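K.L.:
As given, the protein sequences belong to chains Y and F, one line each in that order.
Reading the first sequence from the start, the letters are residues 32 to 145 in our numbering.
Reading the second sequence from the start, the letters are residues -1 to 111 in our numbering.
Honestly, the hints are just simulated from the structure, not real lab data.
Keep in mind that the hints are not guaranteed to be accurate.
[To be verified] Cβ-Cβ distance ranges computed for the label pairs, FRET-style:
1) F:Leu53 / Y:Val42: 23 to 33 Å
2) F:Asn82 / Y:Ala40: 19 to 29 Å
3) F:Ser59 / Y:Phe59: 23 to 33 Å
Only a predicted model underlies this, so the values are computations on that prediction, with no experimental measurement involved.
Heads up, the beta-carbon is just placed ideally off N, CA and C, and yes, glycines get one too.
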Amino acid sequence: AQSVTQPDARVTVSEGASLQLRCKYSYFGTPYLFWYVQYPRQGLQLLLKYYPGDPVVQGVNGFEAEFSKSNSSFHLRKASVHWSDWAVYFCAVSPDQGGRALIFGTGTTVSVSP
Amino acid sequence: GGIITQTPKFLIGQEGQKLTLKCQQNFNHDTMYWYRQDSGKGLRLIYYSITENDLQKGDLSEGYDASREKKSSFSLTVTSAQKNEMAVFLCASSIVGDQDTQYFGPGTRLLVL
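Here chain Y stands alone, though its shape is the one from the complex:
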């Protein structure tokens, strides 16, 4: 069955430091993959999406993610974290390649220290 695993429930990073959030997927074939972000007291927002093609995808606010078929991964990165990046980040896979609702991971909470 299709699934997404985010192994880190919580990550703390210093402001200005780099960030990597891990996501592993289980999917038969080539998946469509997504990162969503949930800022405090707000709904989820799409950060970036991967459709088959260039493995590195650029998103908003300096985020990027890299798809790896050999590692079944779709890790999210940011070179320099800002305090406003304090949020919960969700990785997701589309089970029908755009046909219906997404399957989400359990989320990683990012805390930013000064």
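Knowing the structure of chain Y, use the given hints to seat chain F on it.
P.N.:
Below, chain F without anything else, positioned relative to chain Y:
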């Protein structure tokens, strides 16, 4: 731009009670979703609706009913609230042809005493 409104923001219920959550969107989107968010479990799909009067069950539909009375609104009913239940219910919408880009509401926080 558009907005998704969820009412109420907070809902406190009693065990066994029937509780209704409402969602309105003004994006003019065709597809709407209800997810449940539990701490440490991510988002799980309860119901979704491709168009008015359509209902599709998600993985977590047992214990819930849904209603899509019109294109802009999607209601979710907890048929019998479970004691000590605590979760956030998120409504989302998307357009046909780009259903992976979902727009979410701020959520309804449920606590059952």
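K.L.:
Now, for every hint given, state plainly whether the structure supports it.
P.N.:
A quick look at each hint next to the structure:
no., hint, verdict
1, F:Leu53 / Y:Val42: 23 to 33 Å, "38 Å, violated"
2, F:Asn82 / Y:Ala40: 19 to 29 Å, "22 Å, holds"
3, F:Ser59 / Y:Phe59: 23 to 33 Å, "24 Å, holds"
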